[in-house]
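As they're listed, the protein sequences go chains X and A. Per the numbering used here, residue 1 is the first one in the first sequence, and the count goes up by one each step. Per the numbering used here, residue 285 is the first one in the second sequence, and the count goes up by one each step.
These are computed hints drawn from the structure, not numbers from a lab. Mixed in with the good hints there might be a few duds.
What the hints assert, rightly or not - Calculated cross-link-like contacts (lysine-lysine; reagent style DSS-like; alpha-carbon spacing at most 30 Å):
id	chain 1	residue 1	chain 2	residue 2
1	X	Lys152	X	Lys223
2	A	Lys465	X	Lys141
3	A	Lys427	X	Lys171
4	X	Lys223	A	Lys365
5	A	Lys417	A	Lys465
6	A	Lys483	X	Lys136
7	X	Lys223	X	Lys266
8	X	Lys223	A	Lys426
9	A	Lys412	A	Lys427
10	X	Lys88	A	Lys365
11	A	Lys417	X	Lys266
12	X	Lys151	X	Lys141
13	X	Lys266	A	Lys426
14	A	Lys366	X	Lys88
15	X	Lys274	A	Lys363
16	A	Lys363	A	Lys352
17	A	Lys385	X	Lys88
18	X	Lys212	A	Lys427
19	A	Lys427	X	Lys274
20	X	Lys136	X	Lys212
21	X	Lys108	A	Lys385
22	A	Lys352	A	Lys366
23	X	Lys141	A	Lys417
24	A	Lys352	X	Lys266
25	A	Lys489	X	Lys225
26	X	Lys212	A	Lys465
27	A	Lys427	X	Lys88
28	X	Lys276	A	Lys465
29	X	Lys151	A	Lys363
30	A	Lys483	X	Lys266
31	A	Lys489	X	Lys266
32	A	Lys426	X	Lys276
33	X	Lys212	A	Lys426
34	X	Lys212	X	Lys274
35	A	Lys489	X	Lys88
What the hints assert, rightly or not - Distance ranges between label pairs, derived from CB positions:
id	chain 1	residue 1	chain 2	residue 2	range
36	A	Lys366	X	Glu79	54 to 62 Å
37	A	Gln493	X	Gln83	34 to 42 Å
38	X	Lys151	A	Ala473	47 to 55 Å
39	X	Glu79	A	Thr382	22 to 30 Å
40	X	Ser67	A	Lys363	56 to 64 Å
None of these values were measured; they are calculated from a predicted model. Glycine is no exception: its CB is placed at the ideal position from the N, C-alpha and C atoms.
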Amino acid sequence: MAAPMRKMLHGTARSLECPWRLRTLCAAATAAPAAAATPGKSAASPNGGSPWRLLGALCLQRPPVISQPLSPLQVEMAELLEQIEVEKSRYSDHEIRALEEAQRLERKKADIYDSDDDDEKDILLVQDLEDTWEQKFLQFKPEPRVTEADKKNDQTSLHRKLDQNLVLLVKEKLGDQETWMLPYAEWQVGETLRGTAERALATLSQNSVEAKFLGNAPCGYYKFKFPQAFRTENSIGAKVFFFKALLQSGNLSQARKKNDHAWVSKEELGDYLKPKYLAQQAFI
Amino acid sequence: MAALGAAARALALQGRSGGLRACLPRPCWPHAPGRESHLWATALLSLRAALPVRGEPLRKKKKVDPRKEQAAKDRLKKKIKKLEKVSQELIPIEDFITPVKYLQEERQRPEPEVPFEVSERRTLLMKKWTLYKQQEAEAEQKKIRSMLEAQQEALRELRQESELLYQAAIRRDDSLFPFEKEGPTYTPATPGYQAPEGKYNDVTKVYVQVVHKR
Numbered sequence: 001m002a003a004p005m006r007k008m009l010h011g012t013a014r015s016l017e018c019p020w021r022l023r024t025l026c027a028a029a030t031a032a033p034a035a036a037a038t039p040g041k042s043a044a045s046p047n048g049g050s051p052w053r054l055l056g057a058l059c060l061q062r063p064p065v066i067s068q069p070l071s072p073l074q075v076e077m078a079e080l081l082e083q084i085e086v087e088k089s090r091y092s093d094h095e096i097r098a099l100e101e102a103q104r105l106e107r108k109k110a111d112i113y114d115s116d117d118d119d120e121k122d123i124l125l126v127q128d129l130e131d132t133w134e135q136k137f138l139q140f141k142p143e144p145r146v147t148e149a150d151k152k153n154d155q156t157s158l159h160r161k162l163d164q165n166l167v168l169l170v171k172e173k174l175g176d177q178e179t180w181m182l183p184y185a186e187w188q189v190g191e192t193l194r195g196t197a198e199r200a201l202a203t204l205s206q207n208s209v210e211a212k213f214l215g216n217a218p219c220g221y222y223k224f225k226f227p228q229a230f231r232t233e234n235s236i237g238a239k240v241f242f243f244k245a246l247l248q249s250g251n252l253s254q255a256r257k258k259n260d261h262a263w264v265s266k267e268e269l270g271d272y273l274k275p276k277y278l279a280q281q282a283f284i
Numbered sequence: 285m286a287a288l289g290a291a292a293r294a295l296a297l298q299g300r301s302g303g304l305r306a307c308l309p310r311p312c313w314p315h316a317p318g319r320e321s322h323l324w325a326t327a328l329l330s331l332r333a334a335l336p337v338r339g340e341p342l343r344k345k346k347k348v349d350p351r352k353e354q355a356a357k358d359r360l361k362k363k364i365k366k367l368e369k370v371s372q373e374l375i376p377i378e379d380f381i382t383p384v385k386y387l388q389e390e391r392q393r394p395e396p397e398v399p400f401e402v403s404e405r406r407t408l409l410m411k412k413w414t415l416y417k418q419q420e421a422e423a424e425q426k427k428i429r430s431m432l433e434a435q436q437e438a439l440r441e442l443r444q445e446s447e448l449l450y451q452a453a454i455r456r457d458d459s460l461f462p463f464e465k466e467g468p469t470y471t472p473a474t475p476g477y478q479a480p481e482g483k484y485n486d487v488t489k490v491y492v493q494v495v496h497k498r
């Protein structure tokens with residue numbers, strides 16, 4: 001018992017830094033839907049005598065790749081600000097050149113001046129320059145913001161809804177029903193809860209996914225009781241702690257079957273998760 | 285500088301005395317044979333040239349002089365310090381300095397005549413915008429607060445479960461920062477895109493802040 005005591009003392013010494021830790025806002029909330037109880041997981045996990053099982057769940061998010069479209073008010077405001085900026089600015093070199101050339105053209109038309117001072121810069125008019133620039137711009141074809149996966153509504157693809165956070169959900173069999181939830185793993189003695197979440201990620205993706213965990217602390221929890229059939233002396237229910245992580249590279253599709261997992265955005269979470277579970281996902 | 289001067293002077297002294305010592309043994313042969321007589325004469329001449337013939341006897345360096353040297357050095361140092369205090373040049377921020385050519389008369393745009401309706405519309409739009417931004421800020425604050433609250437609750441529950449795990453959870457994660465991530469762009473990246481090649485001359489001015497030693 002001496003070793004844990006020492007560890008705790010060491011921990012309390014560091015807990016002075018704890019306010020900093022808790023105030024840092026890590027990435028978006030990870031919704032950890034922990035729906036039904038976990039049947040069949042009867043591995044003995046001693047929690048110091050408490051009747052709750054500990055599960056570590058993972059809220060893996062793919063951060064947005066493109067910016068969100070502007071709302072109408074924002075578009076109006078942006079135009080207004082641009083107008084005001086142009087009104088308050090001075091002429092640039094390009095504009096002065098355009099003005100001078102316009103003046104020269106007028107003078108030519110009026111036939112006052114001959115082509116005396118036409119030798120100077122008559123080769124390239126401002127109009128020609130602007131046309132060439134326009135042509136060059138049209139030659140560049142950017143990728144479309146609405147991808148194919150959007151049109152097909154392919155839930156397993158990562159290229160859907162590029163302007164929103166996508167959360168990973170998996171379908172697990174709990175008891176007799178299949179429910180969608182965030183991937184989790186049971187806590188084992190000797191590892192921290194963050195380690196549990198990392199293990200969940202590794203088993204789920206078979207190490208093909210790279211994720212950056214945002215801190216050691218969980219961002220939310222969900223408590224549920226097992227149905228009467230599964231309750232034993234040791235475990236009335238389970239507590240699931242969610243950890244947030246940002247997806248850096250890799251995808252799940254090679255590892256899992258087609259319908260088992262989905263990348264969903266925040267609005268679509270309601271379609272997949274049970275209401276009680278969803279309510280706890282304030283942090284997603 | 286003063287030190288260098290003193291060293292130079294010392295060297296000069298040495299040189300002169302060396303020369304003196306070298307010259308002195310020379311005219312030891314007053315009965316030189318005729319073949320070398322011109323040499324003896326030139327030696328005398330050179331001897332005279334070597335000595336500073338001013339009509340004054342040579343003065344020895346007195347003890348007052350080092351003090352004078354020191355005083356001169358101090359005065360020089362004070363002057364340098366005064367100069368340094370004045371010229372602490374800060375690196376100019378080029379964005380804040382309007383180039384002179386843009387302040388000229390012909391560069392000014394004609395004053396735009398904004399009709400009354402347009403200006404009314406603009407003010408109303410700005411008022412709507414301030415309201416919108418206030419709502420946005422409040423929503424953000426609320427979300428942050430709710431996320432923090434959820435985290436605090438989770439930590440409280442964890443503490444009830446196991447003190448050890450709780451301590452592990454509130455430990456600082458050193459591998460988290462520095463955290464670098466590229467933000468969202470307007471369009472997604474084209475896979476396999478090759479940017480057009482070209483040379484460019486980098487003409488940015490690099491300023492170096494001169495830190496004067498005290």
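Taking the earlier hints as the rules, which of them does this structure contradict?
1, 4, 10, 14, 15, 20, 23, 24, 25, 27, 28, 29, 30, 31, 38
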